[in-house]
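Protein chains: 4
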Amino acid sequence: MDFRSDNTAGFAPEMLAALAAANDGPRTSYGEDAQTRRVQQHLCELFETDVQAFFVATGTAANVLGLSLLAPAWGVIYCHEEAHIALDECGAPGFYTGGAQLHTLRGEHGRLTAAQLAMLLPDGRGVVHHAQPAAISLSQATESGTCYHPADLAAIAEVAHAHGLRVHVDGARFANAVAFLGATPAELSWRAGVDVLSFGASKNGALAAEAIIVFDAALAASLGYRRKRGGHLFSKMRVLSAQLEAYLTDGLWLRLARAANALAQRLATGLAVIPGVRLMHPVEANEVFVQLPESVIGALLADGFRFYRWPDEGSTTIRLVTAFDAREADVAALIEAVRRHAAR
Amino acid sequence: MDFRSDNTAGFAPEMLAALAAANDGPRTSYGEDAQTRRVQQHLCELFETDVQAFFVATGTAANVLGLSLLAPAWGVIYCHEEAHIALDECGAPGFYTGGAQLHTLRGEHGRLTAAQLAMLLPDGRGVVHHAQPAAISLSQATESGTCYHPADLAAIAEVAHAHGLRVHVDGARFANAVAFLGATPAELSWRAGVDVLSFGASKNGALAAEAIIVFDAALAASLGYRRKRGGHLFSKMRVLSAQLEAYLTDGLWLRLARAANALAQRLATGLAVIPGVRLMHPVEANEVFVQLPESVIGALLADGFRFYRWPDEGSTTIRLVTAFDAREADVAALIEAVRRHAAR
Amino acid sequence: MDFRSDNTAGFAPEMLAALAAANDGPRTSYGEDAQTRRVQQHLCELFETDVQAFFVATGTAANVLGLSLLAPAWGVIYCHEEAHIALDECGAPGFYTGGAQLHTLRGEHGRLTAAQLAMLLPDGRGVVHHAQPAAISLSQATESGTCYHPADLAAIAEVAHAHGLRVHVDGARFANAVAFLGATPAELSWRAGVDVLSFGASKNGALAAEAIIVFDAALAASLGYRRKRGGHLFSKMRVLSAQLEAYLTDGLWLRLARAANALAQRLATGLAVIPGVRLMHPVEANEVFVQLPESVIGALLADGFRFYRWPDEGSTTIRLVTAFDAREADVAALIEAVRRHAAR
Amino acid sequence: MDFRSDNTAGFAPEMLAALAAANDGPRTSYGEDAQTRRVQQHLCELFETDVQAFFVATGTAANVLGLSLLAPAWGVIYCHEEAHIALDECGAPGFYTGGAQLHTLRGEHGRLTAAQLAMLLPDGRGVVHHAQPAAISLSQATESGTCYHPADLAAIAEVAHAHGLRVHVDGARFANAVAFLGATPAELSWRAGVDVLSFGASKNGALAAEAIIVFDAALAASLGYRRKRGGHLFSKMRVLSAQLEAYLTDGLWLRLARAANALAQRLATGLAVIPGVRLMHPVEANEVFVQLPESVIGALLADGFRFYRWPDEGSTTIRLVTAFDAREADVAALIEAVRRHAAR
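Residue numbers (the working numbering), protein chains in the order written: chain F, 10 to 353; chain S, 10 to 353; chain H, 10 to 353; chain V, 10 to 353.
These are computed hints drawn from the structure, not numbers from a lab.
There's no promise every hint is true.
Claimed, not checked - Here are the computed distance ranges between Cβ atoms for each label pair:
id, chain 1, residue 1, chain 2, residue 2, range
1, S, A30, F, A338, 19 to 29 Å
2, V, A230, H, P320, 40 to 50 Å
3, H, H170, S, L228, 31 to 41 Å
4, V, T193, F, A226, 34 to 44 Å
5, S, R115, V, H118, 44 to 54 Å
6, F, D225, S, P22, 36 to 46 Å
7, S, D339, F, R46, 20 to 30 Å
8, F, G34, V, H118, 52 to 62 Å
Stated by the list, open to error - Output of the computed footprint for chain V on chain S, the stretches with three or more beta carbons under 8 Å from beta carbons of chain V:
id, segment
9, 17-31
10, 90-101
11, 202-212
Yeah, the Cβ is synthetic: ideal placement off N, Cα and C, and Gly gets one too.
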């Protein structure tokens, strides 16, 4: 009964099977194999446009290689104060950009707004004393388990582009957002003005696989070199490609995300009606943030439920993540346990 | 009949099985799981000392994260002119060290010598105008398929340490060197003065797994941060740990390397006696470099044999790599084909 | 009648004379000359301890070379949100540290407090996902023209050191702070726990000269290399040393700062009593921030007075800087003009 | 009697006078002053084209800021093995480019050739494993005191451009080259295909002043930010501009260089005829490299002559530099002394 993270979950069986199937004898290394090309083609179809797709193993690598295309060393990247790139990547954006600074912003339920960006952006452009506004990075779904609708994205991208900024999306949970919003990948990316997307799979059943999707081929010209010198070019690229091919085949990626989202909804619905429980954010992906009496938290831990307090140990808000392989019975058991403990 | 690279080979079945076995439900992420600790313990036993071990997916990542511990941004890293870090990592050492320079050296059969280093090293130490000698990186086995004996390593390390340099070993083919030399991992590393070792598995049957082995705990203190900000910390660390546990279990790593080495010996022995064939380097690992008449090369390619000319397309020397899963029949066929074509 | 900046001011005649006197024939270059050693010795006496002193030409260079000793690439540097390093150095701290992030904090009148730092600091230490708290940088005098008393500094440094952080002081206006506080340089630096100080002269009459003062010799070991590879090692070091020797001789540095401070006091006193004028910060150095009716600002500009609105063009607060060579008559004229315009 | 370096020399009186004249009251800082614009205009006239000119204080800063425009972090910069950027800048090119590697080449008398570059360049272009050929940096005059004729430069630039490389010139002694060759600055830069030039003054009578000259405005777009974040933007830009204005006025720069060159010629001519003396390089600027019997070197040092052995302490070749302010009597005395000592 582990609700800690989609990272504590295991692997979708289809992914493992794909790896086994990829062990089919010699193949040209470093991505010059047919399977890698097939996945790249599949991504073009999925996004309904020609995309440049580069596969890496971690979400941090995907994010910071993508950002390195968008921000010069003297650039500023705007992001939510709880963004993964701001809190959980140990300064990787600064490393991969050669020193760009993050400018973190507050925003309700993990989201930023076009209006907020518009107020901020006229500052400092072209003045050599100031680091230069270069990019905005949005998380989709956000770190609060909410989503940006296509219109939200488009409004932000419009402001960004009008001021010469590029738009990056950290899509570690992109599948969950697509599943929730019912929008197409295209509508949630280039059609809304997104320039670079981290298309995540590791949090949604893969062993370790992410695709950096670049919608402007010219922008991607240096990415092969950047990936290589970052140490992120797999010699046996089939390791990543096989996972991603399974992920994209027969809609596995959406099936897994829908399952995770559905259990989060179930959990939220079940918890929200319990007296003493406060839902902190709308539940639009696979994360549920609830405030509980300290006594209930203690009782749940004693029961063996695992989860993190949020944002840190001192909090009585807890984060409950329903991974791709979360079980309905565990969700039901958690709801029941909260009800029981809260009733005392 | 593919002799291109150990990277074109597939995966050892034991590695795949280990990944499947690791899919056993929730686990704490980012390396805080029991299997990861077991592998770290296993490496301490293998190296007969307390080592700090950090797992990553690529050889480049292992090399440059290790080097980043040894060379400051104003440092010089000495290496063979054909070293992987010099030729095939797109400047990654400069990236991870913040600008350190490689100073490449010539050396017969891919090897450097203590005498050569001793002549070079007094220069420039402590003069602020000069980048500062910081580290020497050796490849074991070398890019020419040869090995450093423990005494060679120790002599080089002694010179290096006497001048304040640290010693790095790129052990992408460390298993092949251990298998050839019959020395222990300890004798080929810390006992000979090696400070940091890239302990490779990807070229020897793994899907993608390497361990950075640091023999001085103080030196390793920053490596966790460096790995994370490089984007090389796997969330599902079991993906790497499971591979490495299988690799180390029941001597699989040496068994695979011995098999590869044995076929290289077989190939070398078979080819060396054919008139018109010239062996370019001693064969001490799983690579055979032979010079052939252009007509023979053409005929082999027409037969469907795959290999690379070395060091580049214009050469009549070819590199033949026997991977962990190379087949005796293919080796025999290649020898026979060379004999036949050379006889014309 | 220019109150724009201490940067718009010219040079103290003593500085020019010192440069002319330094044109005395051949000298060993790169700082190995007697004058440079004399200035270093003078700084040791001034600070009442052995200091390591490195001369550079700009305040940005002094700040970021100093910070590069204190923060690793994955470090966090805390500073006031209006700090020069945050706003006016185009990301130079990120460049010189290899990617460290600035964490900006609010604070009344440009100052940070020990209590504020204490609340902030337990976070994230030792967790590889997070950039690591590394240093705090304080401006003395602050960007709001206020000063930290020795006890303020000591309290902040105590919290910082207790959490493993180092303390940097941007002393572009250190002379003004010493002049205002009546404390000794030692009391305002190492005795209060400061690890590295940018000891500025450029804003106080020099042409272009700053000294990076490091109070821990071990910490300074790499600074020579860092300065050189930053391109900041002057071949004719006498250019910097001559300025600094004049600066330190017969208390010129304090004389100039006192003159500047005195006129700021005069200005503040004169303006504060005028109806409609609001003093925004205590005046403790050579800067006066006043809010004025828009009509008065317009009238002053029409009169030919020069100054900047603060923090930007949209503001009705203006910053008035009295440089080392500001004239009493100009100050009197400005007060009189404000009085006249405000009376309408 | 100091022949150590043009860096051990003092300042041209015209430079000091210009600094004194620039102390004329408040001026807009950071280069937005009339004198700075005048010098920029003067440089356009001198180079007979619109140039972008950025002033800095050191030759290293000029070189590496210029190179940072030409080489990406994964780039390779080709240069002579004795180039200042390779030997005497402590890895600054790696720092300012974010990790680009230097590839050093041998070449007679300090010069590289177009043929040599042509043989080298087809390698590795577009292959992500390899750092990418990006720029060639030439020293004019070279570190051996020789010059590139316009036709030499043009031939090298043609090869470079044909392979997508840019051409950088380290012109720390550009004035000496112009003086020797009798070519125009335009002929020795953009007309020959040079993209960026370090136009040095510090080695030719300035206190500390260099201009980075960029011949393609688009290329220069980021240079303002790069200079600022490198800490090289002077607040009181007049300090640099005044020196450079004096330098360019009435041909002072060429007058000083001609004087220095003439004494080098005198020295070379005088020494070359002495038995036992061997001139190592053609003398085409202000440096004379001669091999002498060890006994003569010792005797000269005992006489009080100062110079460096070259390339290091172990050598019996010495480098004699005639600075802008070298005295004919000293040159005559040195020739006479060598003659006397060699005759024993």
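Results for each hint:
Range check, A30/S to A338/F: Cβ separation about 24 Å, and the 19 to 29 Å hint holds. About 27 Å separates the C-beta atoms of A230/V and P320/H, a value inconsistent with the hinted range of 40 to 50 Å. In this structure the supplied range 31 to 41 Å is violated for H170/H paired with L228/S, their Cβ-Cβ distance being about 24 Å. Between T193/V and A226/F the CB atoms are about 42 Å apart, so this pair conforms to the stated range of 34 to 44 Å.
Hint check: R115/S to H118/V, Cβ distance near 24 Å, so the stated range 44 to 54 Å is violated. Range check, D225/F to P22/S: about 42 Å between beta-carbon atoms, so the 36 to 46 Å window is met. As the Cβ distance of D339/S to R46/F is approximately 26 Å, the hint placing it in 20 to 30 Å holds. The supplied range of 52 to 62 Å is met by G34/F and H118/V, whose beta-carbon atoms lie about 56 Å from each other.
Counting residues of the segment 17-31 of chain S whose C-beta sits closer than 8 Å to any C-beta of chain V gives 0, which falls short of three, so the coverage hint is violated. Residue count for the segment 90-101 of chain S with a Cβ under 8 Å from a Cβ of chain V: 5. That meets the three needed, and the coverage hint holds. Coverage of a stretch by a chain is defined here by at least three residues with a beta carbon nearer than 8 Å to that chain's beta carbons; for the segment 202-212 of chain S and chain V the count is 0, and the condition is violated.
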